Amino acid sequence: MNPAVLTGEHFMTGDVACAEGALAAGCRFFGGYPITPATEIAEHISARMPEVGGTFIQMEDEIAAMASVIGGSCAGVKSMTATSGPGFSLMMENIGLAICTETPCVVANVQRAGPSTGLPTQGAQGDMLQARWGSHGHYEIIALAPSSPQETFYQTIRAFNLSETYRMPVLIMTDEMVGHLSERVVIPKAKTIKSVSRPRPKGRKDRFKPFEPGPNGVPPMAIAGEGYNIHVTGLTHDEMGYPDMTVEAQDKMMARLVGKVRRNLDDIISTEGYRLEDAEIVIVSYGVSARTSLAAVEEARDQGIKAGLLKLNTVWPFPEDQIRRLSERVKGFVTVEINLGQIHLEVERCACGKVPALLAGHPGGTIIPPDQVIETLKEGF
Amino acid sequence: MNQHKKQQSHPLDGLLRTDRIPHIWCPGCGIGTAFSSCLIAMKESGIDLKKTVMVSGIGCSGRGAGYANLDSYHTTHGRAIPFATGMKLANPELNVVVFSGDGDLFAIGGNHFIHAARRNVDLTIVCVNNFNYGMTGGQVAATTPLGAKTTTTPVGNPEPAFNLPLLAYASGATYVARWTILHTRDLTDCIEEAFLRRGFSFIEVLAPCPVNYGRRNKEKPLDTLRIYQEQTIIKNDAHPSELDIDFNRGVILGKFVDVERPTCSERYDDTCRPKELLEEEKAA
Ligand SMILES: Cc1ncc(C[n+]2csc(CCOP(=O)(O)OP(=O)(O)O)c2C)c(N)n1
Ligand code: SF4
Ligand SMILES: [Mg+2]
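Going down the list, the sequences are from chains A and B.
For what it's worth, numbering that gives the first Met the number 0 labels the leading residue of the first sequence as 0, then goes sequentially.
For what it's worth, numbering that gives the first Met the number 0 labels the leading residue of the second sequence as 0, then goes sequentially.
If you are wondering where the hints come from, they were derived from the structure by calculation, not from laboratory data.
These numbers come from a predicted model, not from an experiment.
C-beta atoms are modelled at their ideal positions from N, C-alpha and C, and glycine is treated no differently.
Check the hints yourself; a few may be wrong.
[Unchecked claim] Partial chain B-side listing against chain A, Cβ under 8 Å, derived:
#, residue
1, D70
2, T75
3, A83
4, G85
5, M86
6, E92
7, T150
8, C271
[Unchecked claim] Each pair of labels, with its calculated beta carbon distance range:
#, chain 1, residue 1, chain 2, residue 2, range
9, B, E278, A, Q371, 56 to 66 Å
10, A, K201, B, K49, 31 to 41 Å
11, A, H137, B, P261, 41 to 51 Å
[Said to hold, decoys possible] Okay, derived cross-link-like pairs now, DSSO-like style, lysine-lysine, Cα gap no bigger than 27 Å in a straight line:
#, chain 1, residue 1, chain 2, residue 2
12, B, K42, A, K208
13, A, K204, B, K50
14, A, K204, B, K49
15, A, K204, A, K188
16, A, K377, A, K353
17, A, K188, B, K274
Taking the hints into account, I'd like the entire structure generated from these sequences.
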């Protein structure tokens, strides 16, 4: 029997690293449905869950997978699912349920090229705006984007910690390239892994209001079977969790749901800068594209262009302030992503016309070669 | 004053969220009766209510969870069963009951129903079958009888209806029963029996929706109840294939299936868990 945390050096794919990261974070329920290129996450975790005392189930579709994950989490168990584009589409309604009911859970989307069945075995980053807005209504979401198997391991742990801290779904927006890439992954000792659990209620059970916010705007979470007799609904609700069909209740609930993210941006947003100090042109990228962008920065510098990279580890919420501040001092931005302009739109919005914001994009199926980035740089600036 | 208080108490007070009354159900609606049967059964069964959870989907029937003074979850349309599945598998100590409507469980959620039955997830499913989508104003459902009028079959339903007990049986449910809200004693007994056993239990409750279904099909609330009394036949152990709903021919009620089969969690532990781990757990 292997332990939950496989301390040591490994050679593993991003998908396997995602599964191992989940187990290391304390995930003990996985409801899945197979889809290329995310299947290996379910396969790996199906073998590992039983030996760490958790449960894996392959549900009948992704709608059920997502619903089961929310149920698992409400029963007090850290829960996740993993999918790719078509399955991600099917999960959208229940992702909204998790937002509205403030249920922690993690969804990994190993992106492939769409629309529709698209290129099932070839990667893309075309679901970035769906990640942001795919479920109906207005809401805030957290989405992370790893660039390597090692990062996938750590970001999966972080995804759980953020979801438990803020009681909301957190998306790991990886891609086929990273998911299927085998690289060195170092898994640290179990006791060095920081694992966060949802805030828990204290005090008298009969006075407990399940949706009364704590100090950071997040309500403590009672789980099923503890005797709190909570009611949880996807209808607009008051602090008791009871449906309240008034505009005032909607205002209040939404202010809190949105506010708990917006007030904690410093904790949630993580970016990395590379040669940004003196950069005149900032490449903005994430996931596998951040790797090719790194090569492009080097190449550009060799050619005398002062380029730097802003790598987004957290894509949503978007690091607006950082882009705004940069736009005060740089000559422009190039967003590198495997779609035809999604995060690019955000960069453009935040650059606010002060400097040009260009795109080095591709509709999917292949990475963006550094040459294409250099070309965009040269043509644009 | 005390006298007044006494009059106002209700045998189910502890199990009802009295602070949420009045409820949304229309006068003459059958859901309330099915719901109280469910709560009475819960109380009489003696199961640990602290460990009992009610899960509903969306619809008038799906509002049930909101009135039960238990941990209660009002989920998305059609998804109560997979939600409940996740809950039960994540914590097998919970008693999980799904209370929802025919549209919710058998149209949009039909796929989940058959798979949960196949897996024998230890859940009790109480389905209020009012032959239509009450909440959205009375559209045709997968249970609407052939020829019946609804807002989306204004000249009559061209499609045949599901025989729900047959579907449950064929999918692997280990307990299957059907009653109407007029047969509250039998209904309550069956729900209680279902709570006390392991495995996937399904109880169909025929219930009037006078406002949307009855009105369009020239059935006054009392007519519906009369039909439930006069046009039904109690036949326990009837073969599920005999259970098509046709009130002209007579509708069969009773308990039809009651068999033992290992549950989803039991099979998972037996098949997938390393033996050492199970032994460790036993020792602990
Ligand atoms: C995804 C989705 N589609 C449609 C609806 C609208 N809707 C709400 S309740 C309902 C039908 C409910 O019918 P049933 O389960 O029979 O419950 P009843 O109201 O009859 O008790 C529908 C279609 C919805 N809420 N969600
Ligand atoms: S619409 Fe029909 S099902 Fe809904 S509460 Fe009214 S009578 Fe009951
Ligand atoms: Mg109905």
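* Just pull the numbers of the violated hints for me, sorted ascending. => 7, 10, 15
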